[in-house]
Amino acid sequence: MPKMNMVEALNLALDQNLANDDRVCVLGEDVAVDGGVFRVTKGLLEKYGEDRVIDTPLAEGAIIGAAVGMAVYGLRPVAEIQFSGFTLQAFDQIEQNMARLRHRSHGRYPISMVMRAPYGGGIRAVEHHSESREAYWAHTPGLKVVIPSGPRSARDLLHAAIDDSDPVIFYEPKALYRAFREDVPDQPQKIAIGKAQIARQGTDITLIAYGAMMRPALEAAQDLKDLHSIEAEVIDLLSISPMDTQTLVDSVSKTGRCVVVHEGPRCCGIAAEIIARINEHAFEHLLAPIKRVTGHDIHFPYFQCEQHYLPDADTIIEAANETLQYE
Amino acid sequence: MPKMNMVEALNLALDQNLANDDRVCVLGEDVAVDGGVFRVTKGLLEKYGEDRVIDTPLAEGAIIGAAVGMAVYGLRPVAEIQFSGFTLQAFDQIEQNMARLRHRSHGRYPISMVMRAPYGGGIRAVEHHSESREAYWAHTPGLKVVIPSGPRSARDLLHAAIDDSDPVIFYEPKALYRAFREDVPDQPQKIAIGKAQIARQGTDITLIAYGAMMRPALEAAQDLKDLHSIEAEVIDLLSISPMDTQTLVDSVSKTGRCVVVHEGPRCCGIAAEIIARINEHAFEHLLAPIKRVTGHDIHFPYFQCEQHYLPDADTIIEAANETLQYE
Amino acid sequence: MTPSAPELAVKSSHIPRRPKITPPKPRKDISTPTIALGEIPNLQILNEKGEISDPSHEPKLEAAELLRIYRAMVLTRKLDTRMLTMQRQGEMGTFAPGMGQEATQIGQIYPLTKKDWFAPSYRSFGAQLWRGWTIEGLMLLWAGFFEGFEVPEGVNDLPFSIVVGSHVPLAGGIAIGIKQRRDDAVVVTNFGDGAISQGAVNEAFNFAAVYKAPVVFVCENNGYAISMPTDKQVATPDLARRGPGFGVPAIRVDGNDVLAMIVATTEAVQMARAGDGPSLIEAVTYRMSLHTTADDPKVYRRDEEVEQWQAKCPIARFEKYLMNKGLLDPQAIGRLGDECEQEVLEARTRFRERAKAKPREVFDMMYEELPPELEQQKREYLAKLDRKGVQ
Amino acid sequence: MTPSAPELAVKSSHIPRRPKITPPKPRKDISTPTIALGEIPNLQILNEKGEISDPSHEPKLEAAELLRIYRAMVLTRKLDTRMLTMQRQGEMGTFAPGMGQEATQIGQIYPLTKKDWFAPSYRSFGAQLWRGWTIEGLMLLWAGFFEGFEVPEGVNDLPFSIVVGSHVPLAGGIAIGIKQRRDDAVVVTNFGDGAISQGAVNEAFNFAAVYKAPVVFVCENNGYAISMPTDKQVATPDLARRGPGFGVPAIRVDGNDVLAMIVATTEAVQMARAGDGPSLIEAVTYRMSLHTTADDPKVYRRDEEVEQWQAKCPIARFEKYLMNKGLLDPQAIGRLGDECEQEVLEARTRFRERAKAKPREVFDMMYEELPPELEQQKREYLAKLDRKGVQ
Ligand SMILES: Cc1ncc(C[n+]2csc(CCOP(=O)(O)OP(=O)(O)O)c2C)c(N)n1
Ligand SMILES: Cc1ncc(C[n+]2csc(CCOP(=O)(O)OP(=O)(O)O)c2C)c(N)n1
Ligand SMILES: [Mg+2]
Ligand SMILES: [Mg+2]
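Residue numbers (the numbering used here), protein chains in the order written: chain A, 1 to 327; chain B, 1 to 327; chain C, 1 to 391; chain D, 1 to 391.
Hints are computed from structural coordinates only; laboratory data are not their basis. By construction, the Cβ of each residue, glycine as well, lies at the ideal position given by its N, Cα and C atoms. Watch out, some of these pointers could steer you wrong.
[What the hints assert, rightly or not] Here are some chain A residues pointing at chain D (derived, C-beta under 10 Å):
#	residue
1	N5
2	E60
3	Q82
4	P301
[As the list claims (entries may be wrong)] Within a straight-line C-alpha distance of at most 27 Å, the following computed DSS-like cross-link-like pairs (lysine-lysine) qualify:
#	chain 1	residue 1	chain 2	residue 2
5	C	K388	B	K225
6	D	K378	B	K195
7	B	K225	C	K384
8	C	K356	C	K232
9	A	K47	D	K298
10	D	K356	C	K232
11	D	K232	A	K47
12	C	K298	B	K47
13	D	K232	A	K42
14	C	K49	C	K60
15	C	K298	B	K42
16	C	K49	A	K42
17	B	K3	B	K195
18	D	K212	B	K42
19	A	K195	C	K298
20	D	K312	D	K298
21	A	K225	D	K388
22	C	K212	A	K47
23	C	K312	B	K47
24	D	K325	D	K356
25	D	K378	D	K388
26	D	K378	C	K212
27	B	K47	D	K212
28	B	K42	C	K232
29	A	K225	D	K384
30	B	K254	B	K195
31	D	K356	D	K312
32	D	K298	A	K42
[Stated by the list, open to error] Here are a few chain C residues that sit away from chain D, every Cβ distance over 10 Å (derived from the structure):
#	residue
33	R68
34	P297
35	V299
36	Q342
37	R379
Based on the sequences and whatever the hints tell you, model everything.
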């Protein structure tokens, strides 16, 4: 089993899907000749030709609009938006067409497409290149939203997303693109969109995270164990919408305490939704208020300050400790 | 004191601000000659001329972009987007410029502008004309978001929004435009953005709502009193962002039970945020899980079904009763 | 291998790189002008008096065909009028009447086959009927019943778009798909003079031009975008020239002349089918009626203007042409009108039978399979209907 | 009454409806071509060999002025080169080099006064320096220090935009404000060949044309949008013709000829100031260096192409012109180069002194006053810094 980084794993998933299903095609800015600014689509043009690996003019709205049209026609486009910050240029097309056309056409045109975009901080980027606004899409009916946390989940989730008959927003934690390698089997493991994974078992507190935040969350869990003998259960959300409420509720029902971690702004973010659901389904098991360790409701800082802004293991530990000490 | 409906009250607020401050101007589709499709800007062109009451071409992104530019120049534009569904056409301009330019310019260009838009269901409208997506803006750092619940709060809030030196999203519950009349004094009452109002005092349960949902919330409170001798406290949020956390927390700390009501989709909606905050600040006072009576995570139904979809007094009462019976 | 949309039945392991396009069969019966990238050509064939003003382009259509076209325009207007009455009587929601634009409507899709695609905006009764949407379906959706949006079997069209201009990039996307598959279908999409200000529409022009996608853009310049006259919407004397700025050849057509519309669209569709890429047709017409039933045009336009356009009525004009040709007489006109009226009334009966709200179905068609959280919300919602005794 | 931006000092109770525009002072020293709505005119004054190819348009600028322009281009390139070194040594973040576009940069803002406005995109070192932004400021912001974005006193410009095309509607908005106030300022905004595909930019063309707003659109066609060559970005042989499609007069200029850029911009600015509305200048130039420091152009373009453009270098060309005029000799060139290099190095020293991250300030400038919830988040965040011992 080859060890791959996330870029390679995503490339593999695209390659296999292009090979196996000629309805699949890839489009976006610089995806063909250049192979993508992060090289996720490298080599695909040479293999599948310019009809299926398509460089587009610089217009995100038109990219999504075109992809929706292609899906209507029966293709399975995977559209890349170069940075998630520029998905806003396509917000109208995403909400008004991508999310709605199955419904508007009374089921006639299911929009089986994927919108890929790198998101999140940590790569010393300029303004608009570090945002995490997955909550916009979670708040938008008709979409699915998934976020991998490593090469392997990236590969499997991308397969699942392309396979799905509904439109899927696929956010890639760009800080992890080349951060580490994992064994990635030749064939994808079938995983269902909508399922979380328990990344570490524990009994004392539940830490919920996803994407690039899985690393500090797991680090925090290890430290909690090493330093305080606390057994933290760590859940990798993977699917933001639909969300695996049951797994979250089961865990918190067991531990009674919970910290939710994400990079995006706090107000109306994913953590708020998780808290609301746990409040609804596990209220009687809660021993302490659920803590949010999230991005703040400010613009993502210029990169010299980003390491302070982003949630890290220390902050998660601090929050966990406060939660654990709550009486 | 004249009795006015919300359209007249908003018109009065615009009129007074145009009269008192020549930096104020109004722009949008059909706002000048036509006086706005809901007649909110009626008569303003005749009084203030086409330089200050500006019909625009049909491009929401350009309307917001132009308004931000005008604000940079020192004017105080009030931009109308004809229906909130079409604010998505301007999402990029709102997030990337309106919300950020004060910050990006290091404070040099505060964006003192208002984006007005009718939102919400209840007027038997076609697709895209009934959405409530205020949570998108609450999740966007740099903005303020306010929503009145009647003619008087509409007038006062619009004054406050125009006065504010930060960009304000002003959502108008279109179902209330002509729904009822209130006394609207000649001079606006100074109200601060960021403050909620206790619309009805109570001790047994807190109902939190805003906009058009204030009417069913108050109706529910009355019925709870009449039928079950329950004293519900009803809070009119008015300001969605910033949110008056203190008033909410104080009330729930007192009542121990809470139902939050809004029209918009549930997932990552305003109710989720409220629950998260109450969980953080009043956990020990909570006697029951906080209930959400909200829109569902589906596309707003075609209008023959909207009255079933929209939260109503019965549903709120049902939720309140469940909350009250929770042990 | 030609795919069948929307689901491509077969997966081909190898897609040829060279186009295999069915060579267009040049229609002998229609002689086309030249849609151009330079000076914008103007096209009118039938003048306001119903006389042929440009004989060189008069299409040689058979009598039956001419009458079919005429009937379609009459039916469109009958439906329009009836819907307005129904709306005023509370049986219909807000809708957008198309009166005065019948020639534009029928002409723009006349050259399409069933397997071609059409992506209309909301003011497209005529074209939708011609394409195979049912009258009762259109009534249902404008009356707020979801099922009205159901795309009829065998119709390859998008449901119309309410958001101005937002469907235009989709039309381009379908055309890109067609081109990729060496399918010989084409796409026609229409939008208004207001829509041409939307970034989305302009982005779509560029995409279509860059990919030489087989799409025909029909801009129905009906003089107004709600209250905004076209000459305040844009700073150019016409809308057609927007095309060449993007490399999209364009033509300006008298949109109240159904022959000119047919001829221009025929050329545009032939170009697209031949692999020559997109084109833009500006159809100059006039919205005789309200913007929507919520609108009062008296606020922003003068009655005289409307009267002037009355004289240019697309139906009356074509009627005169057919009468001059001996294909119609007052009696036939009356009979045909009654027939159309009858057709609308019969459809209204079917509409009334089907006009039952189905509140239990609002969670349908959201996803292929409802996720658990939505299942729960649905249960919650159905319980509420149960409590209220709603079926 | 002329307002002072950004805060209009005085409120006038009555705003005149008729424009009171300062009549433009036609510059005697610059004879202008005609920016047009029809055929797109081309303008080159100085050819690649540094010879005057169009004497009728050669501007009659004084020696000192010519040298000032030359120096600005050299300084721009020195800064560019230095930043690349700093980036490679880890002292700078990702940035967008402007090498090869110096003439386009200086020419496009040359005719502006301090009270005019400039809304640049991210590849605008040269123009920003000319306008009064400091070198260390630019270094700071590209090195990830927020304060680099501080608009210097007396500079009437927007901070540059990272989001392609998103600032262009703002430039139009400022111009609409100017027009409303009968101010005689104008706005120049620049953007790339890629940006012209954005809906926002096309919407801005239309708004500016409709309001006859005093804004000059400068499209720097440097051949590429990252890896996408201009001829795949659009289907037209030039970008200028996009303008007339919207009613915006346009001209295509040799962007490596600083004299042509100055002359074209002068005419465009005069038009705008005179109330004649917007115009579009396509500056044909070439991005000699990387898209950004994260880019590898070898993947998508051939070395020979770059070499061909080397021969068209805007600085070398202008140098020859000045040498032919006797205003420069190799010694002076060397001295001037050293001087500029020195200026950059001194700025780098100031940059290094100021290059201190200020993590305690990330909540600043969010709002006029921080709301309570954000106050709380700030306390939380500061406590974290305290825990980590971060100042
Ligand atoms: C994006 C968007 N903005 C605003 C509206 C509201 N609106 C509906 S129709 C219309 C005018 C459209 O004018 P035009 O494109 O000329 O088409 P017409 O109605 O004349 O057929 C407007 C502004 C909308 N539906 N979508
Ligand atoms: C809206 C948006 N989409 C994508 C990007 C990523 N991006 C940055 S520069 C660039 C190419 C811009 O090309 P062009 O407009 O020609 O300007 P140039 O870089 O050549 O100066 C792209 C795609 C962006 N910054 N903004
Ligand atoms: Mg129109
Ligand atoms: Mg470029």
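For each hint, the structure was consulted:
no.: 1; hint: N5; result: violated, 17 Å
no.: 2; hint: E60; result: holds, 8 Å
no.: 3; hint: Q82; result: holds, 8 Å
no.: 4; hint: P301; result: holds, 4 Å
no.: 5; hint: K388(C) <-> K225(B); result: holds, 21 Å
no.: 6; hint: K378(D) <-> K195(B); result: holds, 20 Å
no.: 7; hint: K225(B) <-> K384(C); result: holds, 21 Å
no.: 8; hint: K356(C) <-> K232(C); result: violated, 43 Å
no.: 9; hint: K47(A) <-> K298(D); result: holds, 20 Å
no.: 10; hint: K356(D) <-> K232(C); result: violated, 52 Å
no.: 11; hint: K232(D) <-> K47(A); result: holds, 21 Å
no.: 12; hint: K298(C) <-> K47(B); result: holds, 20 Å
no.: 13; hint: K232(D) <-> K42(A); result: holds, 19 Å
no.: 14; hint: K49(C) <-> K60(C); result: holds, 20 Å
no.: 15; hint: K298(C) <-> K42(B); result: holds, 14 Å
no.: 16; hint: K49(C) <-> K42(A); result: violated, 63 Å
no.: 17; hint: K3(B) <-> K195(B); result: holds, 25 Å
no.: 18; hint: K212(D) <-> K42(B); result: holds, 25 Å
no.: 19; hint: K195(A) <-> K298(C); result: violated, 58 Å
no.: 20; hint: K312(D) <-> K298(D); result: holds, 20 Å
no.: 21; hint: K225(A) <-> K388(D); result: holds, 21 Å
no.: 22; hint: K212(C) <-> K47(A); result: holds, 23 Å
no.: 23; hint: K312(C) <-> K47(B); result: violated, 37 Å
no.: 24; hint: K325(D) <-> K356(D); result: violated, 47 Å
no.: 25; hint: K378(D) <-> K388(D); result: holds, 15 Å
no.: 26; hint: K378(D) <-> K212(C); result: violated, 53 Å
no.: 27; hint: K47(B) <-> K212(D); result: holds, 23 Å
no.: 28; hint: K42(B) <-> K232(C); result: holds, 19 Å
no.: 29; hint: K225(A) <-> K384(D); result: holds, 21 Å
no.: 30; hint: K254(B) <-> K195(B); result: holds, 19 Å
no.: 31; hint: K356(D) <-> K312(D); result: violated, 40 Å
no.: 32; hint: K298(D) <-> K42(A); result: holds, 14 Å
no.: 33; hint: R68; result: holds, 37 Å
no.: 34; hint: P297; result: holds, 22 Å
no.: 35; hint: V299; result: holds, 21 Å
no.: 36; hint: Q342; result: holds, 46 Å
no.: 37; hint: R379; result: holds, 34 Å
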